[in-house]
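Kindly generate the complete structure, drawing on both the sequences and the hints.
Take a look at the letters that make up each chain.
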Amino acid sequence: MNSLDLLLLLTTLTTLLALLMGRWRPVGWLLTLLYALQLALLADLGLTLQGGGQVVSQLQLTLLGYPIGLVLDGFGWLFAAITLLIALFSSWFGSGAWSAERSDRRAQHLTLSLNVTAMLLLLASGDLLTLFITWELVSWSGFALMAYAGGRAADAALRYLIYAIAGAMALLAALLLVEQQGGSFQFAAVATAVTTLDSAGLWLLLLLFFTGFGVKMALLPFHLWQAEAYALTPGPGAAFLGAISSRMGLFALMLVVVKLIGLEHLAALAIPYTFLDAQSLLAWIAAFTIIIPTFIALTQSDARRLLAWHGIGQTGYMVLGIVIGTELGVAGGLLHVFNYATYQAALFLSVSAVIYRTGTADLDRLGGLITRMPLAYVTMLMGIIGLAGLPPMNGFVSKWMVYKALLDNGQPLLFVAAIIGTLGTILSVYKLIHNTFLGQLRAEHQAVREVPWSMSVPMLALAAIGFITGWMPGLALSAIDVAQQALGIATLPHHLGGFSLSNGNLDMLWVVGALLASIGIGALIFFAGNRRHLTHQLDNYAGGHFLSSSHRYHYSHNFYAGLMHLIGPWYRGTFRWLEQALINSVEVGGNAALGLFRNSAMLLYMVAALTLALWLLL
Amino acid sequence: MKLLSELLLMPLIAFGVGLLLVLMMRKVRARVERRIGPPLLQPLYDILKLYGKKTQISHGVMHDISVMMLLGGVICVTLFLPVPGMSGLSDRGDIITLMYLMMVPSLGMALGVGQCANPNGSIGISRALTAMAGYEVPFVIAVAGVAIAYGTTDLAQIAAAQQGGVMQWGLFQQPLLAIAGLIAIHAMLGKEPFEIYVAPAEIATGPMVEMSGKYMGTLFTMMSFQLYSVGLIYTLLFLGGGESWLLLLPKLFAVVFVSVAVTNIFPRHRTEKVIGFMWKWPTGIALLGLGLVMLR
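Protein sequence lines correspond, in order, to chains R and H.
Counting in numbering that gives the first Met the number 0, the first sequence runs from 0 upward without gaps.
Counting in numbering that gives the first Met the number 0, the second sequence runs from 0 upward without gaps.
What the hints contain is simulated information worked out from the structure, not anything from laboratory work.
Heads up, some of the hints might be wrong.
Covered stretches of chain H (in silico footprint by chain R; criterion: 3 or more residues with CB under 8 Å from a CB of chain R, positions within the stretch not fixed) [claimed, not checked]:
id	segment
1	52-59
2	85-99
3	104-110
4	122-132
5	136-146
Heads up, incomplete: computed chain H residues facing chain R, CB under 7 Å, no partners named [to be verified]:
id	residue
6	MET68
7	LEU70
8	ILE74
9	CYS75
10	LEU78
11	GLN114
12	GLN172
13	GLY275
14	LYS279
15	LEU289
Glycine included, every Cβ here is placed at the ideal spot set by N, Cα and C.
And the structure:
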């Protein structure tokens, strides 16, 4: 029994505990402790994985004559560590007051722990068959987490399920192709298949893998299901799903494309009659995955949907960095997985805190909560600075690495596309914080209080992690090194504050230090001025009239009216139209088949079958 | 120790030069309107007066912090801009870092204005951010073109690569990018026809509407820093920077002069016109310029 077995046993026990004792009120705290324990075990495991090592589980089985087993290397370890970190804080948030009055406590704890278990198994899969089985486990446990609230959440979860099943079929087909060419389901068989397949076959294999894994990541054109499904999941579940769940797709795609097939094979696959090859095609898909969902997020009027759409957009940065394939790009993409998880979870938790107190996440029905919920405000502020990718938060560091890798690699158009996505993000996150916390306080929210400590501590802790790893990115980059070694990509030399490159450096110790010191100077100058007079939040006037809370003057609805005047008509809903067209054609085909077999030509078939049988007999 | 003295000196120089740039702006406007214009120290007097005023209305803690963030952000930007004899922190953060640092004061202002809960202020911020989405696109393309052309994102290295005669300047090496960049920084400074977010007759000066006393004074200070930083970035990117202050300052004043001179002859665009213009003309020119750089 080695430490990987112990970890997997512990995570299974966590699920069992949630199943058996989920109704008991303090069980959430116990589960949170167990997640912390697993995280500690995993951190210990990380020491043995440095330098490209791996841990093989002693549990080895045979399925249909194929050996299957569990192996954890540094690459899976990085994702597992992020998963457990987010599970820890999500579970913490949902342990105290959040779940105290909820009747679906058991479902909440059970689905979360089930997801963690399935994900850890996926990350430790040692061959393609295990990958497929655990992939299905992840999909179904994700469905359970999305659906347990019922109602519209269940509808959205069902939509996800249809996408996931389609993806799983594509994945299954890819595996069969690999088995046929390579002779087994071992990872090495992919490399054999790549050498024996001709270019059409390799395109097919890539397309099948891309469909299978892209659905989970909600890469274009499979992005429609995700925002709705994540947004309607209750509180901590949404934070967990939004922060890490779809990264499983990224893990699997990277495993296959970068580690097994190799980016050089993608670069060699040219698309006829264009300048593109498979690698740059994937990069452009990533770039459009940044831009389109981000600008859809800009039009959302529900805080959770807005965040979930940004989650899809942020995936694009990770894929973009990784597909570039340089040390800086891959490190930036992987670092963004971690950074994104911290601030996205913090943002979802702060929105959940607002929902807990006010009962709504509708951006047209909130406002002015800064004086009532200052801690949730601070969390959201740090979260949006990370999401927008501004210093001093960690989101800036990983985005900087992706930008820099794109420029160094001679890809200015992709760079510009990535920045356009960031601009859309800045607009949309300001709308989020303005409509929720700034502006006019509504009359019905005047008695709102801060959420209890059991909820505010985990979200503040996530924001603090985001700040610290932004100030000292070297801390997180050391973990990225372990993953890069496992992928067989050269590691990037770095120090605690960032990088020393020959053509443009980044030292966050100095950047953040200078920013904080300058703000300190700004504060000194501010206090040197004459004494200020603090007015009450509700003491306001406009146009010479005093305003009371009976007047709704919070400028929130259609916040970017001027911009929407120009770009509003660009939202054509093409992908939704395509989805509907697909649904309709399946329906038409189904009805036609039904009509043919059941209703109209029954007699004709019987005569035809009889004739055929007679002909065969004679 | 040298670094520390540089870090103290650079913002002070920036402030001094920035005040002169503000003075130039006001003088130019006055001459266009056939007035004499303010005396030399008027910009400084204005700021001191505002800090000392008796009426200082604060709308909450975020309002105060936003003013500190705003001033801190613009001071911080100057530390990353290499000037003759002083490189400051420019080797610890490149042009990409700088572009993002320049958004920190804007974010600070946006948060503070948000807490003031004045709808005119919020509309102003909405317009300011919309304008930003407009002008940043050509600016970013111009920066990307320059970075590709010189193979570096380090501002000091970009300036150094343009030494050796006027024809080596980015203005003549990448003229299309330089034109697009000039239009973009004009909008970045919020001058007519792009001053949609101030719009005094329409939304009562937008973000400034609830700013009084030292809050307003900080905005004045921010403007002088901003004129300096934006002008200097353009000088470093396209005019070869400067080996000495005597060479640098005329370029800096010339860049800002172009902007403040043409602003007086324009009325104000509507919001969607601004962004439509920005995404059409400067972006198109910049993309052409970028194409030329990539072909080379």
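Quick rundown of the hints versus the structure:
no.	hint	verdict
1	52-59	holds (count 8)
2	85-99	holds (count 9)
3	104-110	holds (count 3)
4	122-132	holds (count 8)
5	136-146	holds (count 6)
6	MET68	holds, 6 Å
7	LEU70	holds, 3 Å
8	ILE74	holds, 4 Å
9	CYS75	holds, 4 Å
10	LEU78	holds, 5 Å
11	GLN114	holds, 5 Å
12	GLN172	violated, 16 Å
13	GLY275	holds, 5 Å
14	LYS279	violated, 11 Å
15	LEU289	holds, 6 Å
Comparing the model with each earlier hint shows violations of hints 12, 14; every other hint is respected.
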